[in-house]
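A.B. asks: Knowing the structure of chain A, use the given hints to seat chains B and C on it.
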Amino acid sequence: MISAAENIHIHRDDVGTKIGMWLFLFTELILFGGMFIVYAVYRFKFPAEFQLAAMELDTFIGTVNTIILLTSSLTIALSIVAIQQGRKYLSVLLIFSTILLAILFLVNKYYEWGHKISVGIYPQSEELLKKPQGEIIYFGLYYVMTGLHALHVVIGIVVLMIMGILVARGKIKQDAYVRLEAGGLYWHLVDIIWIFLFPLFYLIT
Amino acid sequence: MTENNRSSGVLADYLHAKTDRKGLLGWIFSTDHKRIGILYLISMLIFFSIAVLLGVLMRLELLTPGKTIIDAQTYNTFFTLHGIMMIFLFIIPGLPAVFGNFMLPLMIGAKDVFFPRLNLFSWWLFVTGGVLALVSLFLPGGPVDTGWTFYVPYSIRTTTNVIPALFAAFILGFSSILTGLNFITTIHRMRAPGMSWFKMPLFAWSLYATAWVQILATPIVGITLLLVAIERLFGVGIFDPALGGDPVLYQHLFWIYSHPAVYIMILPGLGVVSEIIPVFARKTIFGYKFIAFSSLSIAFVGSLVWAHHMFTVGMSNTGMFIFSLLTFLVSIPSAIKVFNWIATLYKGSIQIEVPLLFILSFIFQFCIGGLTGLMLGVLAVNIHVQDTYFVVGHFHYVMFGGTGFGLIAALHYWFPKMFGKMYKKIPAIIGWLFLTLGFNVLYFPFFFLGYMGMPRRYYDYLPEYQTYHVISTVGSWLLVIGLIIIAINLISALRKGEKAPADPWGGKTLEWTIPSPPPVENFETIPVVTKGPYDYSEVLTQEVEGKKH
Amino acid sequence: MDQQNQQHNHDHQPIGYARYILLWFGLIALTGTTVAIAGIHLGKWVIITSLTIASIKSLLVLNVFMHLKFEDRIFRIFVLVALATLIVFIVLTFFDYAFY
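Line order of the protein sequences matches chains A, B and C. Counting in this note's numbering, the first sequence runs from 13 upward without gaps. Counting in this note's numbering, the second sequence runs from 134 upward without gaps. Counting in this note's numbering, the third sequence runs from 31 upward without gaps.
Certain hints may be false.
Example chain C residues on the side facing chain A (calculated, C-beta under 7 Å, incomplete) [as the list claims (entries may be wrong)]:
no., residue
1, Y50
2, T63
3, W75
4, I86
5, S88
6, V91
7, N93
8, F100
9, L116
10, I120
Derived from the structure by calculation, the hints contain no laboratory data. Where is the CB? At the ideal position from N, CA and C, for every residue including glycine.
For reference, chain A alone in the conformation it holds in the complex:
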């Protein structure tokens, strides 16, 4: 006779899985939160230099990147609607669009950083070290925070690719899609972090 204990293996608890994912998101929130504390303290200490240094950043690219990420949040949310309706191919298409937008974001970032480095603004550069301390700190924070964020975009792309494959293979389906939800949650957090990074670095005038 099979014991009742063995039947429990069939049990699936999507709410529990989502709780686990949200808890993980909290750790990411606090991780970036720590950086925001550092930013807040230094902005408080060097208000004028932060304003000065921020003028080096291109508000247009920053705005475009914000719109790209907001749109990518839309596409991943829509991919879940699609799988809820059992529309597998639409879901995969939307996941793929999200990944494309994410890559576009990274391309923009690459050019942004590239431009700064080419005019000699990077940690320990001669040009940077000539500037007042507040500006050195601003650019230090800029590289670290946008860099850490970009790393999370890369991780997000990998996560989304895995989700896309799982949907395409039918492992994530109409009555079992909590993993896609979890991947989506991660992606939305990446978006939210940028929603705050954008005004803090690009909109100081």
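C.D. replies: Same frame as chain A, now just chains B and C:
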């Protein structure tokens, strides 16, 4: 798989169960929370032993002023490593990783934790972090000498292997976070039918509170250590005063985690005390709800007091007043626990068993540690004793005298359940005597040393401090003898101890309703819970009736 | 118990495409607003307004895209606890920097 483990209808226990992989691989790839608990126990004890050895060597060095057996640079690396290993590899994982993993599912009537594979991954991360920390000793550059606190700007300038140590700590933080994540989800979703929150054992409550601190505080030290590594590699300037960075900001960030970390260390220990006392007083715990809520309060208020580690670095007066006040507040929930434990013991039917003895030492030592903590929270006192041996005495009393003894108590309490064998009582008591005596002889002089002005982390000292140092070192030898006796007693019990019954102590929580050691699946059928965890009403009735005859 | 959980996902009204797309328009509009406001010389008010708008955008993403509004209450409690913790960290740190 369960079929293989049956012989004549009896489920094999988790120690001897047949697994897909053979031998050692069946253990290090196991997702069984019980096996993972044992894996943590073994790996932790290895790191603990190394850290104890470092401590003994430091005490030998401090027998005389000037050089005794090692030089100053070596001494600096010793106290750094002793701190890193004890804190990140022993005490923080400590109770949650071993006894939380093993006992939590059993206590709430579950078959495992919510994310068993993540649980295994936590252990692999733990071992990786530990190995990385040890490897960093031998890489070119030499072992870290910054102290476990990695204060800037020295941690940025020193040529020793800071970055491997930082990454080890980062990985270990991740391990801690994942354990916390697992426990919160497990407690929310996997309690047996009928087990409401207020029927849950208090050890589970303490693990729950601890898990929240693990989740919300650890990432801060993650980012902080990452920033130090980035500073060393790229010189961005965030903590470098020459470029505008603020070293005090580093301290804020470091302690925003590291203070709550000490509550990660002590809360499960407090939970163990609340488990053991009712059993050996044969009486339900006094003030169950107060104790449960006090765990949450300690976690909450304890996250607000971090800057009491920084009273002498030049903070604003406003900041200092507020943090001092908050530090006073956090002592209140701890005191509530102590009062309730004593009220439970009062007029109880006391059974003098080994776990209770360790708990009594715990309470004595925790009170001293807690009270000296309160003293340190007083600004006027702190000015004089900050960064002296007074602080070192305080934290050893709470971390070792508290959590350390709590861990050993838990080991003696749950040993029969985990291994199905019983240890001998007399050697255990002798071990306890040496440990308690040795501990107090070792650490109590620290308060006098600190008050007299002996700075911490100092390799050399003025002759007037020597007497206390000698007493303390002798204490360290007594302590080590105690540890050895305990170790030998338990190891010999593993090999040839008497077979232990399901419930040797008369405990009322769910882990005592299943065989010792537990079967792989824990429960044949998930129990339905109707009573609270410390319901001794039947026992009282029986004892009263027994007396009538 | 697993039957109930499998049905659980379908108890919530699935949000249609339209609602999400509408939200997206709102988020773009808010982005435009915050960029426009930054152009006006508000001095020290810039940070408050831009962070307020960022917070509104985040709350919308949290509640709708991340489904927080439609999940069990425990999720909202958790998020509040996490946010409160972060805010407390920032505020207490500033007690050191903002005063003498």
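A.B. asks: So which of the earlier hints does this model not fit?
C.D. replies: 2, 3, 4, 7, 8
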